[in-house]
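Chemist: Read top to bottom, the protein sequences are chains A and B. The numbering of the first sequence is the working numbering, which starts it at 1 and goes up by one. The numbering of the second sequence is the working numbering, which starts it at 1 and goes up by one.
In case anyone wonders, no lab produced these hints; they're calculated from the structure. Here a beta-carbon is modelled for each residue, glycine too, at the ideal position from N, C-alpha and C. Treat each hint with caution, since some may be false.
If you anchor each label on the Cβ, the simulated ranges turn out as follows [as the list claims (entries may be wrong)]:
{"id": "1", "chain 1": "B", "residue 1": "Ala-333", "chain 2": "A", "residue 2": "Asn-4", "range": "49 to 59 angstroms"}
{"id": "2", "chain 1": "A", "residue 1": "Asp-49", "chain 2": "B", "residue 2": "Glu-277", "range": "56 to 66 angstroms"}
{"id": "3", "chain 1": "B", "residue 1": "Leu-17", "chain 2": "A", "residue 2": "Glu-96", "range": "52 to 62 angstroms"}
{"id": "4", "chain 1": "A", "residue 1": "Glu-96", "chain 2": "B", "residue 2": "Leu-365", "range": "50 to 60 angstroms"}
{"id": "5", "chain 1": "A", "residue 1": "Glu-36", "chain 2": "B", "residue 2": "Val-184", "range": "40 to 50 angstroms"}
{"id": "6", "chain 1": "B", "residue 1": "Lys-47", "chain 2": "A", "residue 2": "Glu-96", "range": "16 to 26 angstroms"}
{"id": "7", "chain 1": "B", "residue 1": "Gly-36", "chain 2": "A", "residue 2": "Asp-49", "range": "27 to 37 angstroms"}
{"id": "8", "chain 1": "A", "residue 1": "His-121", "chain 2": "B", "residue 2": "Gln-142", "range": "55 to 65 angstroms"}
{"id": "9", "chain 1": "B", "residue 1": "Pro-178", "chain 2": "A", "residue 2": "Glu-78", "range": "24 to 34 angstroms"}
{"id": "10", "chain 1": "A", "residue 1": "Asn-4", "chain 2": "B", "residue 2": "Gly-336", "range": "43 to 53 angstroms"}
{"id": "11", "chain 1": "B", "residue 1": "Glu-293", "chain 2": "A", "residue 2": "Glu-96", "range": "22 to 32 angstroms"}
No farther apart than 20 angstroms at their CA atoms in a straight line, the calculated lysine-lysine pairs in the PhoX-like style are these [stated by the list, open to error]:
{"id": "12", "chain 1": "B", "residue 1": "Lys-172", "chain 2": "B", "residue 2": "Lys-63"}
{"id": "13", "chain 1": "A", "residue 1": "Lys-66", "chain 2": "B", "residue 2": "Lys-22"}
{"id": "14", "chain 1": "B", "residue 1": "Lys-286", "chain 2": "B", "residue 2": "Lys-265"}
{"id": "15", "chain 1": "B", "residue 1": "Lys-97", "chain 2": "B", "residue 2": "Lys-303"}
{"id": "16", "chain 1": "B", "residue 1": "Lys-97", "chain 2": "B", "residue 2": "Lys-63"}
{"id": "17", "chain 1": "A", "residue 1": "Lys-66", "chain 2": "B", "residue 2": "Lys-303"}
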Amino acid sequence: MSTNTPEDLLYTKSHEWVRDNKDGTATIGITDHAQELLGDIVYVELPEDGAVFAAEDPCGVIESVKAASDFYCPLGGEVIAVNELLDDSPELVNSEPYGDGWIMTLKLDSTDDLDQLLDSHSYINEIAE
Amino acid sequence: MSETNASLRTPLYDQHLQAGGKMVDFAGWEMPINYGSQVQEHHQVRKDAGMFDVSHMVVVDFKGANSKAFLQYLLANDVAKLKDQGKALYSCMLNDKAGVIDDLIVYYLADDFYRMVINAATRENDLAWINKQIEGFDVSLQERDDLSMIAVQGPNAREKALSVLDKEVAEKAAILKPFFGVQVGDTFIARTGYTGEDGFEIMLPNANAANLWNAFIDAGIKPTGLGARDTLRLEAGMNLYGTDMDTSTSPLSAGLRWTIALEPKERNFLGRAALEEEIATGSTSKLVGLVLEERGVLRRHQKVITASGTGEITSGTFSPTLGVAIAMARVPADTGDSCHVEIRGKQLAARVVKPPFVRNGKSCL
Numbered sequence: 001m002s003t004n005t006p007e008d009l010l011y012t013k014s015h016e017w018v019r020d021n022k023d024g025t026a027t028i029g030i031t032d033h034a035q036e037l038l039g040d041i042v043y044v045e046l047p048e049d050g051a052v053f054a055a056e057d058p059c060g061v062i063e064s065v066k067a068a069s070d071f072y073c074p075l076g077g078e079v080i081a082v083n084e085l086l087d088d089s090p091e092l093v094n095s096e097p098y099g100d101g102w103i104m105t106l107k108l109d110s111t112d113d114l115d116q117l118l119d120s121h122s123y124i125n126e127i128a129e
Numbered sequence: 001m002s003e004t005n006a007s008l009r010t011p012l013y014d015q016h017l018q019a020g021g022k023m024v025d026f027a028g029w030e031m032p033i034n035y036g037s038q039v040q041e042h043h044q045v046r047k048d049a050g051m052f053d054v055s056h057m058v059v060v061d062f063k064g065a066n067s068k069a070f071l072q073y074l075l076a077n078d079v080a081k082l083k084d085q086g087k088a089l090y091s092c093m094l095n096d097k098a099g100v101i102d103d104l105i106v107y108y109l110a111d112d113f114y115r116m117v118i119n120a121a122t123r124e125n126d127l128a129w130i131n132k133q134i135e136g137f138d139v140s141l142q143e144r145d146d147l148s149m150i151a152v153q154g155p156n157a158r159e160k161a162l163s164v165l166d167k168e169v170a171e172k173a174a175i176l177k178p179f180f181g182v183q184v185g186d187t188f189i190a191r192t193g194y195t196g197e198d199g200f201e202i203m204l205p206n207a208n209a210a211n212l213w214n215a216f217i218d219a220g221i222k223p224t225g226l227g228a229r230d231t232l233r234l235e236a237g238m239n240l241y242g243t244d245m246d247t248s249t250s251p252l253s254a255g256l257r258w259t260i261a262l263e264p265k266e267r268n269f270l271g272r273a274a275l276e277e278e279i280a281t282g283s284t285s286k287l288v289g290l291v292l293e294e295r296g297v298l299r300r301h302q303k304v305i306t307a308s309g310t311g312e313i314t315s316g317t318f319s320p321t322l323g324v325a326i327a328m329a330r331v332p333a334d335t336g337d338s339c340h341v342e343i344r345g346k347q348l349a350a351r352v353v354k355p356p357f358v359r360n361g362k363s364c365l
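So here's chain B without its partners, still in its complex pose (with noise of 0.2 angstroms):
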């Protein structure tokens, strides 16, 4: 097993080593990158239910009257658009220059108090971002590091988790809607997730968290590790910040265009006049997906060679679900619809295409 310098654990840590975790440094925590294969782990999450322990990532409540307004003033994406309560808003939060800060969840619990869930890799970061941008507004900041986070995804994960939760729980979950969340006593559960699979994230005290994580074992959700996660994920076309996208590019160029709420144009947010600038101007570059249309594998920082000059690869894989090497890479902003990926010196013919590649099991090509 390999020994790693990482410091930090989950109160799931004993659940990884009973389910024969390999257990990896990630962002300072020590966690299961496989539990012997992660391509069974993928497969397992896109065809029965697999289970994922988040408990590294980073939840955070704001409570005060000016919630709503300094998370207005915070992210590119706009919570004003949250009307109805447990309602989740997919953000960026950028810097002046429109750089990407960290992408993040936030639910929209009361008109007062909204929930966020930040990258473990950025934490420190951003919490001092956020903390230097909220003086003047009346909002409280609470990190809940008193919370684990289990992911179930996959097509069965609803029906399986739903046999295990608790009664309550169970009645409320049963009945969101995709992209919605509830709080039912302790426990808080939402209809989302990274994987292009429906499921849900749990977020419940530390204490029960490993009674959860063994009810789902039980139930038949298999413990997946943060190989298939990636994996997952670039299937289904989400980015992964700190490498699809940092404080050096911003959403346009991140293809995420569709999270930055222009309107209404009054609505003063950081990086906003720097997006705009952008959009004046445009982009030189954009975020792409890629398909090799040879045999090899497409990983990140291969050189992309197009019509209109040279990008990057910024996560690339060996798609399980689809069989074939699938990437996201940023290149030129008038790239067409196929390029060259350089492999050990090779040019390799490569189609480009819009993600996701994969959403709810079935391919997108």
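Next comes chain A alone, as it looks inside the complex (with noise of 0.2 angstroms):
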């Protein structure tokens, strides 16, 4: 099964995808293949604007037609937007998980932190076992 993985961006091993936007803010979502073993997204409970959770905190909810399944802060920090786009449109996971399907963007507690995310071929690697 061939899935998307972009180099630029950096990756968890629970799926999502992280862009640093080199502002001290990064902008997170799941990734192709994750959108792919859920299946149709049909109801995303997003994270509060304001919400401050640390790494690996579940921070919202991606329901598809098979199951609900949580979504992990990759990254410490406070959320300063989500995607209300998917409030209506919650397909756009499947359709664009690294465009117009992004979920929140964090004000990072340390940009330092980047450095522990997995780049695209260690993500490719992880997710090819």
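Taking the hints as your guide, dock the two standalone chains into a single complex.
Modeler: Dropping the structure here:
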């Protein structure tokens, strides 16, 4: 099964992607591989704007036709934006997981934490196992 | 592609793989859960035409002079209602405590010939039960594993199917009334289904199944997986055995009072005494439809909170047709028209409705 894993993003083992916005913030979503596994997504329970999470905290829920899955915060920080398009069009997570299907933007506690994440090659190896 | 432990394959297995089917284990059968997008397949059936491989379901023929008498004893609904050849009847098969052993369709083909379709998951249990009851009746039972079954469903399903069926089959099928079937040569075709849409269920020899499937694809009927089958039947307010009911529930607490034939009073059928007792004392629970008033998805086993006590969702989903979460739930018998559902620790408001939610493509809400 071929999945799209852009090289300019960072990844987690729990299938989130992270885009370093180079201004102390990062935009986050779930990977193409993850949306493929979940199937048609019908509801996304977004975190609240202003919520503060530590790395690996569950911060939202993605519900597909099959099941509800937790969405984990890849990094510590404060939510400064959530993708409200997903309220009416949760299927964007399926069709454009790295584009209009993004989930939230975090103001990072520390940009050093980005070093803990996987690069695209490591993530591809991870999902190949 | 996910590995499964399923060992059984229908004659249409290769067709599923060719269509990109994601195969999963369903009651020991390797079946397609979807062919890409469950939601698109759902809409395809509501708006145009889809088809399902239901060859894993079990076809059983009853032949012999006592066939009618036996089925009148075996089933909670009364096959004596079937006066016209080919007419179908939906019924539960109950144990002595009126628990539902299975739900099924039975077709009246002749006074000494009835055909029954039972669920794949309950096959062994059903057949053991039937064989236990059949003693003393002049009836022979034949499992028709030589037949495959394809269901075509949707507003355009009949027209598209008729365009490719053999001329003689098509002529007889074209004039079938709803809930009737007819045998034409080695094909049995019925105007029945499990989606709330018009269509046919077609039984035919295993060797011919792939050809018909391929012809239906050419006619624009799209393969539809078990995932969409579940959301379609739930929108249509049809119970799923093992989920919405089982041997621990009676048809009265499964929304199936309409399938119990208590008249004529002298008809003795399995489970009758227990049913009459439950009717006399009153059921403690009932099966209702729920529509979530807030954002979220209803799922099986979520707790339902009502003014008269708690209940549980038996099957739930996000309705692709309605764009809201819907469910069937077993709740206290005196539940009113609203309740709450507990989802991840929060109580969300839901409306209590009488299924179906969708019929012939249109909302019933």
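Chemist: Hint by hint, note whether the structure agrees.
Modeler: So, going through the hints one by one against the coordinates:
Checked against the hint of 49 to 59 angstroms, the C-beta distance between Ala-333/B and Asn-4/A comes to roughly 52 angstroms, which is consistent with it. Here the CB-CB span from Asp-49/A to Glu-277/B is close to 58 angstroms, well matched to the stated 56 to 66 angstroms. Restraint check, Leu-17/B to Glu-96/A: a C-beta distance of roughly 28 angstroms breaks the suggested window 52 to 62 angstroms. Under the hint 50 to 60 angstroms, the C-beta atoms of Glu-96/A and Leu-365/B, about 31 angstroms apart, miss the expected range.
With their beta carbons about 43 angstroms apart, Glu-36/A and Val-184/B fall inside the hinted range of 40 to 50 angstroms. Between Lys-47/B and Glu-96/A the Cβ separation comes to about 24 angstroms, which falls inside the hinted range of 16 to 26 angstroms. Roughly 35 angstroms separates the CB atoms of Gly-36/B and Asp-49/A, a value that falls within the hinted 27 to 37 angstroms. Between His-121/A and Gln-142/B the beta carbons are some 60 angstroms apart, a value that agrees with the proposed interval 55 to 65 angstroms.
Distance hint check for Pro-178/B and Glu-78/A: the Cβ-Cβ separation is about 59 angstroms, which falls outside the suggested range of 24 to 34 angstroms. Between Asn-4/A and Gly-336/B the CB atoms are about 50 angstroms apart, so this pair conforms to the stated range of 43 to 53 angstroms. Look at Glu-293/B against Glu-96/A: about 30 angstroms separates their beta carbons, and that is inside 22 to 32 angstroms. For the given pair, Lys-172/B sits about 24 angstroms from Lys-63/B by alpha-carbon distance, which is inconsistent with the 20 angstroms threshold.
Simply put, Lys-66/A and Lys-22/B have alpha-carbon atoms about 13 angstroms apart, close enough for the 20 angstroms limit, and the pair holds. Note on Lys-286/B and Lys-265/B: the hinted pairing is violated, with a Cα-Cα distance of about 25 angstroms set against a maximum of 20 angstroms. For the proposed pair Lys-97/B and Lys-303/B, the alpha carbon gap of about 26 angstroms is over 20 angstroms, so the pair is violated. With a CA separation close to 28 angstroms, the supplied pair Lys-97/B and Lys-63/B exceeds the 20 angstroms bound.
Taking the CA atoms of Lys-66/A and Lys-303/B, the gap is about 19 angstroms. The hint holds against a cut of 20 angstroms.
In the structure shown, a violation is registered for the earlier hints numbered 3, 4, 9, 12, 14, 15, 16, in ascending order.
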